[in-house]
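In terms of this note's numbering, the sequence shown has 52 at position 52, counting the first letter as 1, and numbering is strictly consecutive.
Quick caveat, the hints were computed from the structure, so don't treat them as lab data. Idealized CB from N, CA, C, for every residue including glycine. Just so you know, not all the hints are guaranteed correct.
[To be verified] Computed list of lysine to any residue pairs in SDA-like fashion (alpha-carbon distance at most 20 Å, straight line): (1) Lys30 - Phe19; (2) Lys30 - Thr9; (3) Lys30 - Tyr13; (4) Lys33 - Pro17; (5) Lys37 - Gly22; (6) Lys33 - Asp47; (7) Lys33 - Gln79; (8) Lys30 - Thr50; (9) Lys37 - Asp47; (10) Lys37 - Thr50; (11) Lys37 - Tyr13; (12) Lys37 - Thr9; (13) Lys30 - Asp20; (14) Lys33 - Ile51; (15) Lys33 - Gly22; (16) Lys33 - Glu10; (17) Lys30 - Gln40; (18) Lys30 - Leu54; (19) Lys37 - Ile51; (20) Lys33 - Glu63; (21) Lys30 - Glu2; (22) Lys33 - Ala6; (23) Lys37 - Ile4; (24) Lys30 - Thr55; (25) Lys30 - Asp47; (26) Lys33 - Met1; (27) Lys33 - Trp43; (28) Lys30 - Gln3; (29) Lys30 - Leu12; (30) Lys30 - Ile51; (31) Lys33 - Thr50.
[As the list claims (entries may be wrong)] Ranges of calculated distance between the beta carbons of each label pair, as one might list FRET restraints: (32) Pro83 - Tyr29: 45 to 51 Å; (33) Gln79 - Tyr29: 46 to 52 Å; (34) Asp52 - Leu25: 37 to 43 Å; (35) Val84 - Gly23: 42 to 48 Å; (36) Val85 - Gln40: 45 to 51 Å; (37) Tyr57 - Lys37: 48 to 54 Å; (38) Val84 - Pro17: 44 to 50 Å.
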Amino acid sequence: MEQIHALFTENLYGDTPRFDDGGHLFQNYKELKTMCKHVQHVWDTVDTETIDELTDYVGYHNEFLRLFGFGIDSVDYEQDVNPVVEISQLID
């Protein structure tokens, strides 16, 4: 409700609408300001000893690997593969 109210009173019909770098109405500035402060506070306390406790680095790392096809249990990465495979549906 607060965002809808602010959209009309501040951005659409206000004297000083907020725009992001791309020129779009910037509506969630309040939430981002609060979140950025929290993230900065946590980030300032992260070091080698606390990274696993304060972040989900392991989860991030695993998802990053999976994004590129690595770290998937059902894949045998030791299996020999041919990197050149003909695709029959392509027209020469």
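Okay, the hints, checked on the actual structure:
1. Lys30 - Phe19: holds, 13 Å
2. Lys30 - Thr9: At roughly 15 Å apart (the allowed maximum being 20 Å), threonine 9 and lysine 30 satisfy the hint.
3. Lys30 - Tyr13: holds, 18 Å
4. Lys33 - Pro17: With Cα atoms ~17 Å apart, lysine 33 and proline 17 stay inside 20 Å; holds.
5. Lys37 - Gly22: violated, 23 Å
6. Lys33 - Asp47: Not OK: lysine 33 and aspartate 47 at ~24 Å, beyond 20 Å, violated.
7. Lys33 - Gln79: Judged against 20 Å, a Cα distance of about 49 Å means the pair is violated.
8. Lys30 - Thr50: Judged against 20 Å, a Cα distance of about 29 Å means the pair is violated.
9. Lys37 - Asp47: Holds, because 18 Å separates the two Cα atoms, which is no more than 20 Å.
10. Lys37 - Thr50: holds, 19 Å
11. Lys37 - Tyr13: At roughly 29 Å apart (the allowed maximum being 20 Å), tyrosine 13 and lysine 37 break the hint.
12. Lys37 - Thr9: With Cα atoms ~26 Å apart, lysine 37 and threonine 9 exceed 20 Å; violated.
13. Lys30 - Asp20: This hinted pair holds, its Cα atoms lying about 13 Å apart.
14. Lys33 - Ile51: Violated, at roughly 23 Å.
15. Lys33 - Gly22: holds, 18 Å
16. Lys33 - Glu10: holds, 17 Å
17. Lys30 - Gln40: Holds: lysine 30 and glutamine 40 sit about 16 Å apart, inside 20 Å.
18. Lys30 - Leu54: Violated: lysine 30 and leucine 54 sit about 24 Å apart, past 20 Å.
19. Lys37 - Ile51: holds, 18 Å
20. Lys33 - Glu63: Judged against 20 Å, a Cα distance of about 27 Å means the pair is violated.
21. Lys30 - Glu2: Roughly 10 Å between the alpha carbons, so the hint for lysine 30 and glutamate 2 holds.
22. Lys33 - Ala6: holds, 15 Å
23. Lys37 - Ile4: violated, 23 Å
24. Lys30 - Thr55: violated, 24 Å
25. Lys30 - Asp47: violated, 28 Å
26. Lys33 - Met1: holds, 18 Å
27. Lys33 - Trp43: With a Cα-Cα distance of about 15 Å, the restraint between lysine 33 and tryptophan 43 holds, given a limit of 20 Å.
28. Lys30 - Gln3: holds, 9 Å
29. Lys30 - Leu12: holds, 17 Å
30. Lys30 - Ile51: violated, 28 Å
31. Lys33 - Thr50: Distance of about 25 Å is beyond 20 Å: violated.
32. Pro83 - Tyr29: 45 to 51 Å: About 48 Å separates the Cβ atoms of proline 83 and tyrosine 29, which means 45 to 51 Å holds.
33. Gln79 - Tyr29: 46 to 52 Å: The hint (46 to 52 Å, Cβ to Cβ) holds, given that glutamine 79 and tyrosine 29 are roughly 51 Å apart.
34. Asp52 - Leu25: 37 to 43 Å: Holds: the Cβ-Cβ distance is about 39 Å, inside 37 to 43 Å.
35. Val84 - Gly23: 42 to 48 Å: Holds: the Cβ-Cβ distance is about 46 Å, inside 42 to 48 Å.
36. Val85 - Gln40: 45 to 51 Å: Roughly 48 Å apart at Cβ, these two residues keep to the hinted range, so it holds.
37. Tyr57 - Lys37: 48 to 54 Å: Given a distance of about 21 Å, which is not inside 48 to 54 Å, the answer is violated.
38. Val84 - Pro17: 44 to 50 Å: Once the Cβ atoms are compared, 55 Å apart, the range 44 to 50 Å for proline 17 and valine 84 is violated.
The earlier numbered hints that this structure contradicts are 5, 6, 7, 8, 11, 12, 14, 18, 20, 23, 24, 25, 30, 31, 37, 38.
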